[in-house]
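Protein sequence lines, in the order shown, are assigned to chains A and B.
Each residue of the first sequence is one higher than the last, beginning at 5 in this note's numbering.
Each residue of the second sequence is one higher than the last, beginning at 335 in this note's numbering.
Please note that the accuracy of each hint is not assured.
Label-pair distances were calculated between CB atoms; the ranges are [what the hints assert, rightly or not]: (1) A:Y305 x B:G426: 36 to 44 Å; (2) A:L301 x B:D448: 42 to 50 Å; (3) A:K302 x B:Q385: 33 to 41 Å; (4) B:G357 x A:Y305: 19 to 27 Å.
Below, simulated DSBU-like cross-link-like pairs (lysine-lysine); rule was C-alpha separation at most 30 Å, straight line [unchecked claim]: (5) B:K481 x A:K295; (6) B:K481 x A:K79; (7) A:K387 x B:K482; (8) A:K295 x B:K435; (9) B:K411 x A:K455; (10) A:K475 x B:K481; (11) B:K435 x A:K475.
Some chain B residues well away from chain A (every beta-carbon gap over 12 Å; in silico) [to be verified]: (12) G372; (13) I382; (14) T433; (15) I440.
The set of hints was computed from the structure by calculation and includes no laboratory data.
What you are looking at is a predicted structure, and each value in this text was computed from that prediction instead of being measured.
Cβ atoms here follow ideal geometry from the backbone N, Cα and C, with glycine treated the same way.
Each chain, written out:
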Amino acid sequence: MKPILVLVSVDSNSVLLGARQFLNYLREQIAEYNLSDTVDVLETGTMGVYTQGVVMAIFPDDVYYAVKDKEDVHKIVTEHLLKGREVLDLTLPKEKLKLFVETAPVSKETRIVLRNAGLIDPKSIDEYIARDGYFALQKVLTEMKPGDVIEVLKASGLRGRGGAGFPTGLKWEFTARASADQKYIVCNADEGEPGTFKDRLIMEGDPHSVVESMIIAGYATGATKGYIYIRGEYYGSVDNIRKAIQDAYEYGLLGKDILGSGFSFDLSVRLGAGAYVCGEETALLESIEGKSGRPRLKPPYPPTCGLFGKPTVINNVETLANVPPIILNGPDWFKSFGTENSPGTKVFCLVGDVVRRGIVEVPMGTSVRDLIYRFGGGLIGGKELYMVQTGGTAGTFVGVDKLDVQLDYDSFAKYGVSIGSGVILVMSEDVCPVDVALNTMEFFLHESCGKCTPCREGTRLAVQTLRRISKGRGKKEDLDTLRSIASVTQEASLCGLGQSITVPLTSIIDNFQKDFEDHIGAGSCPHGVCHFEKSRSKSKVRR
Amino acid sequence: MKVDLSEVRKIVNQAKTESLQEGDMLVNILHCVQDHFGNFIPPEAAEIVAQELDIPLSKVYEVLTFYTMFSTKPRGKYVIRVCVNLPCHVTGGRQIMETLKEELKIDVGETTADGMFTLETTSCLGLCGVSPVIMVNDTYYGDLTPKKVREIIEELRAGGDEK
Chain A
5 MKPILVLVSV DSNSVLLGAR QFLNYLREQI AEYNLSDTVD VLETGTMGVY TQGVVMAIFP
65 DDVYYAVKDK EDVHKIVTEH LLKGREVLDL TLPKEKLKLF VETAPVSKET RIVLRNAGLI
125 DPKSIDEYIA RDGYFALQKV LTEMKPGDVI EVLKASGLRG RGGAGFPTGL KWEFTARASA
185 DQKYIVCNAD EGEPGTFKDR LIMEGDPHSV VESMIIAGYA TGATKGYIYI RGEYYGSVDN
245 IRKAIQDAYE YGLLGKDILG SGFSFDLSVR LGAGAYVCGE ETALLESIEG KSGRPRLKPP
305 YPPTCGLFGK PTVINNVETL ANVPPIILNG PDWFKSFGTE NSPGTKVFCL VGDVVRRGIV
365 EVPMGTSVRD LIYRFGGGLI GGKELYMVQT GGTAGTFVGV DKLDVQLDYD SFAKYGVSIG
425 SGVILVMSED VCPVDVALNT MEFFLHESCG KCTPCREGTR LAVQTLRRIS KGRGKKEDLD
485 TLRSIASVTQ EASLCGLGQS ITVPLTSIID NFQKDFEDHI GAGSCPHGVC HFEKSRSKSK
545 VRR
Chain B
335 MKVDLSEVRK IVNQAKTESL QEGDMLVNIL HCVQDHFGNF IPPEAAEIVA QELDIPLSKV
395 YEVLTFYTMF STKPRGKYVI RVCVNLPCHV TGGRQIMETL KEELKIDVGE TTADGMFTLE
455 TTSCLGLCGV SPVIMVNDTY YGDLTPKKVR EIIEELRAGG DEK
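Whole structure, please, built from the sequences with the hints as guidance.
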C-alpha cells in the first residue's frame, strides 16, 4: 500500500463535471512528477455535493478538494502531493459533505445507507468486504434461522424507502409464510420518480450492499432466485451491479451452497426500457416476464402471488441497503435514529434552485427547513423561496408555511407534506404554480400506460384544463373541475400511478389557490412564466 | 439496409444464457438487438427474436412499441433526449428545448433531413444534481445553458463522420 491515497468521485453527476478527464490528467501528472510510488489513485462513488466541482479526497490528510478544471488538478499535484501544502482555495469544508449527519450525538454510525459510497471502490468486492461487507450474510447463514432474520427486521421498524413506507419485515414474513415450489426476490431499481437519484448513487457507489441484502432476503423467505430491475438509462448502475454479481459468484457468495450453508441463490439483472409505470411493482413484474409494463389488478399482492405467479418480495434499493447494518448492529441501534414510527435515516435529493444540489442522508424527522437551509445552503443567488415539492412528482407542493414540518412516513397524513422518494425540489419566485402543475400533469399523461380509463382520460383532462389556464383562457369553474378530476382518478384508477396524481394536483391548488385564481381573467401570467394567448372569442366579439 | 440474421440469432442466444426462468429475457434481448443495430430494431430482427424465443411476432411488437427506449424505425445518427420533467424544467430546461428546436430546425419526434439528429423527450434521467440535462446516444450532458447546447451540436456536426 502506498502512503498517500487520492479518492476521486466518478458517479454520473461527477462525470458530467469532467471527473473522467480530471482522473486521467491526475494519473498523468502523478507519473510526470514521479509520484507513482507514493500516491495511489482510486475511483469511488458520490460524496454528495456537486456545486463546486468534482470532489477529490486525499488521505491520510483527510482533505477534500472541489476541482473545476485541469489547472486545479495541477495545483493539487504540485502543491499538496509534491510539497505537502494544502491548496486552501480549493478546499471543501467538511461540513459541506453529505456524510455528516448533524444529529446528536454526531457519530460515524449515522451513515447507514451511504456508509460506503465515496469511501470504497465500488468495483472491488474486497473493499466492500474490508468494510464489514457480507458479514451480515455470514451471520445470517451461520447463526440465524430464517424466522430470526424476519423478527430482527420487524423489530427494527424498517419501512419501504420507495415511497409507500410499508414495513419491510412484514413483507418478508408474508412471502416466508406462503408455500410454493419457487419464490423470488426482486429489487426495484427502476428509479423514475423525477428528481430522485439516490438509488442510482447507491448502486454506483456501493452495489454489493444491494446484492448482499437480496441474498439475505432470499434466505429469510425461502426464495432462491432474484432479479435486480434497473432503469435502462442507468448505464453506470448496470455496470457496477453486474460486476458485483459476477464477483459475488466468484467468491461463492452467490450460486450453490453459499458459504457451505446449503442455501443457494441466483441473481440476475433485468433492464427497464423507458417506462415510468414499471416502477409500480406489478408492472415491473410484468416487464421481467417479457411483457408490456402494465399494472395488475390487486389483490392478490406480490408477497403471495408475484413474479410468474409465485410469492415475491419486492424492495427498493435504499430499503435493501439498510438491511446488512441492521443485522449486524441490531434493531435497537437502528431505532436510535429517526422517529418512533419511522426509524432510521433517509437519503434526500436536494434539487432545483438550491445552492448545494446533491444527496444528503439524515435521520427521519428532519425538517424541510433544515434540508433546504442547513444541508442545502439556501437558495441560489439569495432568491426568495416560493414553493417546495417534496417526495417527487407524485408528492406534494407546499409553501413556506410548511417548512418546519418534520419529514417521515406520518408527515403526509398529519401535515400534508409527503416524504415519498425523498425529493426536495426547491423553487423560487421565478416559477409559476400553474406552469409547474401543467408540467407535472403532462408527465403523468405521458407515463399513463393507458390500461385503465380513469388514469388515461383523467390525466388528459387535467392537462387540457391546466393548459387552458396557462394560456389565459381559464374559467372560474376550472379549479373545481381539476379537483373533481383528481378525486375521480384517485378513486377509480387501477394502480399507484393514477391514484397518486391527486396528491400533487390537489396540494398545488390548495396551497397556491391564489396563483391559480390570478391567472383567470388576467391579461398576463402574474409570474411572467406562462405565455398567454390572445383570446379568439374576445376578438370576435370586438369585431 | 442488409440485416445479418445469423448475427441476430447469435445475440439472442448469447443473451439467453442469463435467463433464470423461461420467459424472463425479452426486454433484455430487445436491448441487445437494438444496440447491435444502433438505435432501432428492424422487422427481420424482430422475427428472429420471435422464432428463437418461440413466441408470436405480435408479442415482440407489443413489447417493443410499449417502451420508449425502443424504436421500430431508424433514428438519426445522434438521438438527443431532452429531460422535460420538473427538476430540469424549473432550472432552465425550457430554454434548452427551444434552443435545440431552433438549432436543428425540427420538432420533438422528428429527424433532421441529413439523418444526423433525432430530437426526443425523456423522463427524469436521475441527474438532477446537474440539471438541466440532455442525453446524446449514451452520453450525458449537464448544467446546460443555450450556449453550451449550441456548442455541443456544433461539435457533433464537426465530428459527424466518425463514431
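Structure-based check of each hint:
A C-beta distance of roughly 42 Å is found between Y305 (chain A) and G426 (chain B), which places it inside the suggested range of 36 to 44 Å. Taking the beta carbon of each, L301 (chain A) and D448 (chain B) are about 48 Å apart, inside 42 to 50 Å as hinted. Checked against the hint of 33 to 41 Å, the pair K302 (chain A) and Q385 (chain B) passes, with Cβ atoms roughly 35 Å apart. A hinted range of 19 to 27 Å for the beta carbons of G357 (chain B) and Y305 (chain A) is consistent with their spacing of about 21 Å.
Proximity of K481 (chain B) to K295 (chain A) is assessed by CA-CA distance (about 42 Å); at most 30 Å being required, the pair is judged violated. With a C-alpha separation of about 29 Å, the suggested pairing of K481 (chain B) with K79 (chain A) holds against the 30 Å cut-off. Under the criterion of a C-alpha separation no larger than 30 Å, the hint pairing K387 (chain A) with K482 (chain B) is consistent with the structure, at around 24 Å. For the suggested pair K295 (chain A) and K435 (chain B), the alpha carbons sit about 34 Å apart, so the restraint of at most 30 Å is broken.
The hinted pair formed by K411 (chain B) and K455 (chain A) fails the criterion: a straight-line CA distance of about 33 Å is larger than 30 Å. Note on K475 (chain A) and K481 (chain B): the hinted pairing holds, with a Cα-Cα distance of about 28 Å set against a maximum of 30 Å. Restraint check for K435 (chain B) and K475 (chain A): the C-alpha separation of about 21 Å stays at or below 30 Å, so the hint holds. With a cut of 12 Å on Cβ distances, G372 (chain B) stays outside the contact zone with chain A, its closest approach being about 16 Å.
The non-interface label for I382 (chain B) is consistent with chain A: the shortest C-beta to C-beta separation is roughly 16 Å, beyond 12 Å. Every C-beta of chain A lies more than 12 Å from that of T433 (chain B), the closest at about 17 Å, which supports listing it as non-interface. No Cβ of chain A comes within 12 Å of the Cβ of I440 (chain B); the nearest lies about 19 Å off, and the non-interface call holds.
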